[in-house]
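Kindly generate the complete structure, drawing on both the sequences and the hints.
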Amino acid sequence: MRYLQADNLCHRFADGSVALDQVSITVAAGELIVIAGANGSGKTTLLKHLNGLLLPQSGQVILDDVPIVDDLRETRSKVGMVFQDPDSQIIGDTVYDDIAFGPENLRLSSQEVKRRVTKAMAEVGLTGFENKIPQNLSGGEKRLVAIAGVLAMDPAVLLMDEPFSNLDYGSARSVLTQIRRLHANGHAIIITTHDLEKVLGYADRLVVMRGGKIAADGQPSEIVTTIESYGVRPPCSVLMNGVIEPWLG
Amino acid sequence: MAGVSVVGYIPGTSILHRLDPRTKQFLVMFLGIVCFLANQWYFTIVTICILIFSPKSVWPFRLIGELKFFLLFLCVLFLVRGFGLDAHYIPYTDAERLQQAFLFCWQLLLVVLLGVMLVYTTSTKDIRAGLVWWLKPIPFINEQVLATMIGLLIRLIPLILFQALEISDGMKARNIENRRYPFYRFVRFTIQLFRRAFVTGDDLVDAMQARCYTEKRTMPLLTFAALDVLAALLGIGIALISLVGS
Ligand SMILES: Nc1ncnc2c1ncn2[C@@H]1O[C@H](COP(=O)(O)OP(=O)(O)OP(=O)(O)O)[C@@H](O)[C@H]1O
Ligand SMILES: [Mg+2]
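Note that the protein sequences, when read in sequence, are chains A and B. For the first sequence, the positions run 0 to 248 when numbering that gives the first Met the number 0 is used. For the second sequence, the positions run 0 to 245 when numbering that gives the first Met the number 0 is used.
Where hints are given, some of them may not hold.
[What the hints assert, rightly or not] Below, a sample of chain B positions facing chain A; criterion: calculated Cβ distance under 10 Å:
no., residue
1, TYR8
2, ILE9
3, GLY11
4, ILE14
5, ARG61
6, LEU62
7, GLU65
8, THR123
9, LYS124
10, ASP202
11, ALA206
12, GLN208
13, CYS211
14, ARG216
15, PRO219
16, ALA225
[As the list claims (entries may be wrong)] From chain A, some residues computed to sit far from chain B (all C-beta separations above 10 Å):
no., residue
17, SER23
18, GLY29
19, LYS47
20, ASP63
21, ASP64
22, GLY91
23, LEU105
24, ARG106
25, THR126
26, ASN130
27, ALA155
28, TYR168
29, ALA183
30, GLY185
31, ARG209
32, PRO233
Keep in mind that the hints were calculated from the coordinates and are not lab data. All residues carry an ideal CB built from backbone N, CA and C; glycine is no exception.
Below, the structure written as structure tokens:
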């Protein structure tokens, strides 16, 4: 059952660089997909197409059988995105206001906004942080605020761009725990990373990008054996024992 | 990132925090305008009020740090206004002149402090909601859009200042100070600053769009309470007494 689908996306930036070249990908409801690839291979650009932040020169993205260009706002409420750089995602003055930003844009009632924010904060373990200033939080806490901000909008699909960059062991653990919980609750999740170690053990599918194209797409256990040829380092366990092991013991 | 100093919202529960944003906006406008009509008695009372009601955590270092460029500007202003140059470029002054210059600077400082207290104790969201309420009766303008623009401006200014600091540190780390010509430094700095301001602006727009940004959003519920009436009356009272008394 496919839920989100991209057909033959091509994207060329104003300076002439081709970031996506005939990219097609389908996402089933509830699926956890990992997109790997070297720097500049087009991962971020692809994610931004999936919620309509960027529009392709040719090709289209279809959500629930409807082209997303028909209603971009609706798309963005169903496809949430956590950005590579959490600093650029902070909008509110306090953690509470920041997480409330999305639900307020959906024009929910004040009580519903409050309910959703409280719930999202509890889910990511940030209860008690309501009145903190987001800029002053640690990198890991900022990332959790960003995740809670997306969760409060209750999307069906989550796009996460490099969710583990700049995180220490503890923060990476809490982010990964969130990802597993959301996956278990039936969210479709798409994660980009060049660090397969942490997340590959939980993925349903592995997609590899190179030079703006999809170079491989399939079962993690099959693809991971050839992944080094695409400029991505296989997880240690694969190098040592030839199997993918879960990172959270 | 620590040590970056820009005036921004400080969450809290003080009296000023509890006032409705519209009351605070009224008081800032009203007390600020009266500053330009009033005398030192009024200045003294307003100064005392600011000292009593402002968040304690900002006194004095944070406030001085955040307003250092403005304070420097005030000092220059004081010198220019307080001293004249005679035919041989020798500075001269007298008590009357110094007093006038002092009052002038005091009055500017008060107007700025009133605004700063508003920003310290009111979240951007509430400032925006208050602005929408004030702008609503004015015909032919879209109060939602205008309030958003003002709100964005308030938000982007700290970001730009913040980056100014970061860039200058980054350049120092790469020995730009060994360059002989300050002009070169200045040009490099300005180019970087503008480029970064736009890039950040782009990212911010992306982040806002990804969360379905719209002007017509759920608005915070604003309610006037007894405290608001009291504060407004107090403000008007202070102004009347010192205007009539002078
Ligand atoms: N705004 C832009 N203007 C011009 N070119 C761009 C722009 N954004 C990205 N690119 C180019 O598009 C290509 C793909 O970029 P993208 O950010 O999608 O890569 P990525 O796989 O996310 O890389 P990373 O792992 O470093 O995040 C790169 O070659 C990049 O230089
Ligand atoms: Mg990227």
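_Name the hints, by number, that the structure is in violation of._
4, 5, 6, 7, 16, 19, 22, 23, 24 and 26
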